[in-house]
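Quick mapping for you: the protein sequence lines, in order, are chains A and B. According to my numbering, the first sequence is numbered sequentially starting from 1. According to my numbering, the second sequence is numbered sequentially starting from 364.
No wet-lab data here; the hints were simulated from the structure. Keep in mind the model is a prediction, meaning the values are calculated, not measured. Take these hints with a grain of salt, some might be off.
[Claimed, not checked] Which residues of chain B face chain A? A few of them, derived with a C-beta cut under 8 Å, are:
{"no.": "1", "residue": "Gly394"}
{"no.": "2", "residue": "Ser666"}
{"no.": "3", "residue": "Met668"}
{"no.": "4", "residue": "Ser673"}
Backbone N, C-alpha and C define an ideal beta-carbon position, used for all residues, glycine too.
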Amino acid sequence: MRLSDEFRDPALVRDIAHRIQRFAGMQATIMEVCGTHTMAVARFGLKSLLPAGVSLISGPGCPVCVTDQRDIDRYLALGMQPGVTLACFGDMMRVPGSVTSLERLRAQGADVRVVYSPMDAVEIARAESQREVVFFGVGFETTMPAVALAIKVASDERIGNFSVYCAHKTLPAALGVLLSSDEINISGLLLPGHVTTIIGSGAYDFIADKIGVTCAVAGFEPVDILLAVEAILTRLEQATAAIDNAYPRAVRVEPNSRAAELIGEVFVTCDALWRGLGCIPGSGVALAPKYAAHDACERFAAGLADVPPPKPTTCRCGEVLRGLIRPFECPHFGRTCTPTAPVGPCMVSSEGACAAAHRYEGA
Amino acid sequence: MKELIEEVFVAGYAGADFSGDDSALLRADGGELAFTTDSFVVDPIFFPGGDIGRLAIAGTVNDLLTSAARPIAISASFIIEEGLEIDALRAIAASMRRTAEEAQVGIVTGDTKVVPRGSADKVFITTSGVGVVRRAGVSGGSARCGDKVILTGSVGDHGTAVMLAREKLLDTEAVVSDVAPLVDIVTGLIESGCEVHAMRDPTRGGIASSLNEIASQSQVAVEIDEVRVRVNPAVNAACEALGIEPFFVANEGKMLIFVAAGDAEKALGVVRSRRYGEEAEIVGQVRPGPAGRVTVKTAIGTSRMLAMPSGELLPRIC
Chain A
1 MRLSDEFRDP ALVRDIAHRI QRFAGMQATI MEVCGTHTMA VARFGLKSLL PAGVSLISGP
61 GCPVCVTDQR DIDRYLALGM QPGVTLACFG DMMRVPGSVT SLERLRAQGA DVRVVYSPMD
121 AVEIARAESQ REVVFFGVGF ETTMPAVALA IKVASDERIG NFSVYCAHKT LPAALGVLLS
181 SDEINISGLL LPGHVTTIIG SGAYDFIADK IGVTCAVAGF EPVDILLAVE AILTRLEQAT
241 AAIDNAYPRA VRVEPNSRAA ELIGEVFVTC DALWRGLGCI PGSGVALAPK YAAHDACERF
301 AAGLADVPPP KPTTCRCGEV LRGLIRPFEC PHFGRTCTPT APVGPCMVSS EGACAAAHRY
361 EGA
Chain B
364 MKELIEEVFV AGYAGADFSG DDSALLRADG GELAFTTDSF VVDPIFFPGG DIGRLAIAGT
424 VNDLLTSAAR PIAISASFII EEGLEIDALR AIAASMRRTA EEAQVGIVTG DTKVVPRGSA
484 DKVFITTSGV GVVRRAGVSG GSARCGDKVI LTGSVGDHGT AVMLAREKLL DTEAVVSDVA
544 PLVDIVTGLI ESGCEVHAMR DPTRGGIASS LNEIASQSQV AVEIDEVRVR VNPAVNAACE
604 ALGIEPFFVA NEGKMLIFVA AGDAEKALGV VRSRRYGEEA EIVGQVRPGP AGRVTVKTAI
664 GTSRMLAMPS GELLPRIC
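Bound conformation, chain A alone:
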């Protein structure tokens, strides 16, 4: 596993950082769309290597953070039903719902299990056939193939007590909405390497062609990120817009055909609710009718009907996700909102902008 070492090579990093300094004087705001980029930028201290006028801001690419409060409340409500086992990724445990969190629900006796893969949840359902196992389908295109596969296996093997609460999101449409608003002036986008491995860089062509914002697909090591920033700054200097691929060892223009096929078989496109962005047409998926038996929203429709709408809060995660405020600008940050007592998801997700700022840049 030495794959990443050369992309952390100090001499190479210094070289690229030095090259980027030639853009000193340029004013550019680059949004790193992906939460893993936000973490990497903070962990490696990359902001300090950029020229003064070039700033990086976080975007809506943390899957936990963009999950709407309504979906979190509804999933928590399922956990309170008798005979239900909730299975979810670890990131979700501390995310606050309107009244509780999965971590607190577990402490109160609900059966909540952290899994590393959706297939682990299928295995729990197989082993404990008397329980209803509900997996929380959260994540972008990166996570969807694995969830699709789990649903397909459960269907093929008739594991009827396995279902998915599907809150998956797809990125391109959301980026289109974000860039088309007048709220913020974004010069360029650092596109997520993992997601683009699945959907192909061609999926963003409309951002350069129609919206006129230049983008670069980036990997997650310092060299990857700096090369992508350099590509964006070069385009800005030339006043052109394109989708540059600075992660060619993993990303192609075309989608990954096997993943796309699996996603296409199990899911259908639908509108989705995003925290901070509202309802975005065509930016989510639901289970295809063929797999409706494994759709938690169908199986528990009666119970979910009673879940009250989320309570309004003073949480400003939505503005953080749109790049309108930085974590430090939120009055809760580091005071009333900390990783152990979070007000919103950006402080607890391992990809959250506030978590990154709190951990690596200090309260």
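Mind docking chain B on chain A? Use the hints.
Only chain B this time, still in chain A's reference frame:
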């Protein structure tokens, strides 16, 4: 956990005497004793490189060592879940004996309770230990500006080994717990006369937690040089895959040692000549700066903060 301890137990009964160190100091007949206690719960109870018994002895011994004390006696109490195989208990007891012999400490008293199935998870062990303080004043509150920080070996091995064994992830045999009693290292340091100011075994919360504790107790700033901190390749690979940083992962056979700058090279030589200290490095120093702040100089030459970890380590989505 830190908040729980401070809000409930320190506020409840410890009060002003709470030092923040791993051992309490007791005055007795002109000498000084170190006294510590710890409960051990681990799933699985046998893991690559060790078991709950070795963990219990080594953990208590190492806590005494952080006060520069020579461990002299340990108690061991068991809470056993009904139905645990007797062979497993025998294996744990044998492992405890071997570890105690290695640490030259006696297991002198104990207690056993059996609870109904489901009331405990296989076996819980509580060990308490007493040691004779051989060098007064060694405390997490005694680090000084200019001190060098010695780390006795690689980080993240124990926590990663247990996590991989529990979740049956990746190649579980490739990562082995470092659980070990570090008597040889600390004895060597004390006998060398090196001016050691603070020591801490970076268990739960990893070196991030221990460094923050010492920085805060001593009201100093600490800077760690990332490239000097050794992480075994298999540990690194597993942590990368799970989205967890080795600096936040538990160790059970490592010591962070804050030593006066002038003695640092000598102390490093002593540590490296002792068992479990062969891979020791000087990984950082105490610098002028905001009290309680720990920073990391990254491999690429930038600087970032190393925060106190919070809550259990949770693997990420992607």
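Among all the numbered hints in the text so far, which are the ones the structure does not match?
-> 1
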